[in-house]
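Listed in order, the protein sequences are those of chains A and B.
The first sequence begins at 24 in our numbering and counts up by one.
The second sequence begins at 944 in our numbering and counts up by one.
What the hints contain is simulated information worked out from the structure, not anything from laboratory work.
Among the clues, some could well be false.
A short, non-exhaustive set of chain B residues, derived as facing chain A with CB atoms under 7 Å [claimed, not checked]:
1) D1326
2) A1351
3) F1388
Glycine included, each C-beta is placed from N, C-alpha and C at the ideal position.
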Amino acid sequence: MESNLITEDKHKNKLEKAFEILKTMASKPSGLIGLSIVLFHVVLALLSPYIAPYDYKAISPNTMLLAPSAEHWFGTDSLGRDVFTRTILGGRTALTVTFFGSLIALLWGGLLGIFCGLVGGKIDDVVMRVVDAFLSIPWILAMLLIVSLLGTSTEVLIPALGFFYGKGIVRVARAATHDVIAKDFIVSARARGHSNMSIIWNEIIPNVRDAILVEGAMRWSWMLLGFSSLSFLGFGVSPPTPDWGLMISNARGLMSFAYWSVIAPIVGLSSLIIGINLTADAFAKALGIDRSTKAPV
Amino acid sequence: MNEIIESVKNLSIGFNSQKGKQISILRNVSTNIKKGETVGIVGESGSGKSTLALAMMGYIKQGLFPLKGECLFKSKDLLKMSSRQLEKIRGRKIAMIPQNAGQALTPNLKIGYQIDEALKLHTDLNKTERDKKISELLNKVRLPSPETMAFRYPHELSGGQQQRVAVAMALAGKPDLLLLDEPTTGLDVTTQAHVLELLRFIAKDTGTSMIYVSHDLGAIAQVSDRIVVMYAGEIVLEGPARKILKEPIHPYTYGLLKSIPKLSLAGLPASMPGSQPQPGSINEGCSFYDRCNLATDNCKKNSPDLEHIKELDTNVRCFNYRELINQNNNLQTSITKKLNNSEANEVLKLMDVSISYAKQKFFDQLLNKISDQNPTVKDINIDIKKGETIALVGESGSGKSTILKSIAGLLKTKDGQIKFENDRILSSDLKMRNPNDLRAIQLIFQNPDESLNPNHTVEQILSQPLKLYFNLSGEELKKNIIDLLKKVRLGEFYMSRYPRQLSGGEKQRVAVARAFAAKPDIILCDEVTSALDVSVQAAVLNLLQQLKEDLGTTYVFVSHDLAVVRAISDRVAVLYQGRLCEIGPSQNVYKFPSHPYTEVLLGAVLEPDPDIKPKLVAEDIVEEKPPEKGCSFQGRCPRKIGDICNLEVPPWQIGENGNAIRCHINIDELASLQQ
């Protein structure tokens, strides 16, 4: 007697659901391209220490600024280092730093936003004004301060980036919570006498998780750009660590006659950003969230 | 009169499912609209009535497409026209009045300007002629002082007035056909009756044909000449309004009419089992087979055609309609419910309760008090006895839900006390209440789509209160959940489902089960049936009554629907602007003498009977806030006797039937006035 159309997704565990979402993402060309690009970068980053043909820091005056060839696929830079090696290892650095950075941003931004949205009132007012104040500080200046005080190791960069990119997530999480908070199931939980923590955990998080995850994916691509900008300016990871921003910065003066040393990291960086953006969009669509209706931060 | 202006022929509309299967929403629909005729299209949600109505103006929702058939307007097929050609017809020949005029009007343009736009588009009048026409139109839809009304913005009008403006806009192009999609659904009872009266007048006055789409047989009965009953995308019954409503010869219509609570009947309406099949799930046989008590084996295999019955002038899609032809007196029956034993103790007392939504001033905030001389809800005194169902009735803004929230502890009271069991005062702050008091009072909400977490399975939803109050886990938790589901007549297999996989009625059952999970003493029901279809509503009402009789729970039942209240409650309290007007045993409140406001409300109730016309005794003005002095109903009262009503709060008078009325007019005089 009951409808048999809608009972299909009845017995599915979390893994199957995740697979389902991936399948939906890959069903559109843009999603498929995005996913493949990200997957390609991730695989390359994981394998890079094993497939890198040269030592990334081996300086050799004999091989300075060689054009791409069978021996050096992407040529060599001004210090004679293999650009291919440095590019694939640079991807590893960028992905590690920004992945953990976005994870931190997602956690603190998401939880704080949900909390503020739920409790409202004065606490919300104060916290949001503080967040606004931080948003008004140009992040790159603040990063410069942190880096010059604490150094440029990844242990400093990851939490610092995570902090600065989490501010925006606070607002998104708070707005998403506000959408849910007026619904009767929250009122019902309140009237039953559940604690705030229980309401956040059981009632709110399942309903705002998707929106926050999509936002986090977008932040990831912005963070990549931010991280590379820092390195480009010389405040990111320090040489000789292979890093795209650093590589572009070092090679840009020689662009007119040794374009190869700057092209590879640029292609790496922009393709990864495009890939993440496409994936985030497909992810949002697969979850049924229309990003175009999301309020700008 | 017999000229056909629009005819639908064998229309099927459908969509492609994700698996590439073609699923039809409308199946082989044929009907004709004659000139000057009002046709009511009635059906439950998902029956395809709106899809049909929209197709009649050549519009098909995105994702749907016509599978076959045609929609002929003046013998031209609307579904084959280009959007250019349709532009010339829409607004000028066929106009539409939307369900929610408040959303259909542009909020930042004046009313007059918006009507002017319609006139510019559809007529060749010049500026002065148009200005004249605007006030003419506003006059026609009976808006007060049309000259100043034209310069108002939509938000300055009440819901009823906005709907009237929408009617005026639709009439601007002098259409031959007016399409009304649930035009009175969001309105208060009195406003609804007024708007319907206006529509009937316009139909007669202008000779415009109307298609009136609604789920509400009461509203359809008031306006239609002919009724089309839709079920699962098919027309199942079609004929003159009187015939359909008085002698329904299709089992679905028969059941539907029986499941509507009526003012004249005290008991609960009979419910129909099951729910409407989803599109695409019917392969063979009659679509109503599952729920029909006349069904035979033939109905399972073969689907009946729409058959014309000459003597009744009716089309019916049923093999066994003859069995229904001579049984129609049975329509006026109801299930009698056990009356509550009035000797029981009081379980909840509201004493001088006032609630204010006014924002606290800074100093008051420091002193933690509310200084509002004219609060939204004032001086509510109600004693609720154990095991009774008390209903709070009133239009929107009467404070009925506000009182409910205060009892639940979700809203702080300004003054007064709420006492629970043995005169223990309940704190007005939710956090100060002890867990046992929280458990004892549970809420059921209006819309189960909002009150159930969409990301939780039924099991998770029901385990929340069980874990919280009884610390259950593991097998015991599961056993309790299955018991609860059984109580609300749902099977064990519902445990793993999400709310989106349930029908409206099933969702509300889960919500009911969640409230009962806490083993509460009092359940607060906030318009629990108003989001449901009629046949489902009857089932939920019956379920609530059954649970109450089994478990001895007390209900505080809030509703705007007087007929539903009549069906379920033992006692009724009528509220206007947050003040009590009348309170008493329900059979007495529905009898005279009543408070003038109760009289107005009762008069405006629409019954699914073309012979019972609503009595419109008061204007449908909407008051923004309660008057500061005197009687709360002074602004609209049809029986106002003078200054005393404006200045003094009326005294309570007890009628001989035991209902208390708050009015300055002597109760015996009131009785003789109302006879």
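(request) Double-check F1388(B) for me: the hint is only fine if its C-beta lies closer than 7 Å to a C-beta in chain A. (result) holds (4 Å)
(message) Can you verify the interface hint for A1351(B): is its Cβ closer than 7 Å to any Cβ in chain A?
(response) holds (5 Å)
(request) Could you check if D1326(B) really has its C-beta closer than 7 Å to a C-beta on chain A? (result) Violated: closest Cβ of chain A sits about 22 Å from D1326(B), beyond 7 Å.
Checked against the numbered hints above, the structure violates only hint 1.
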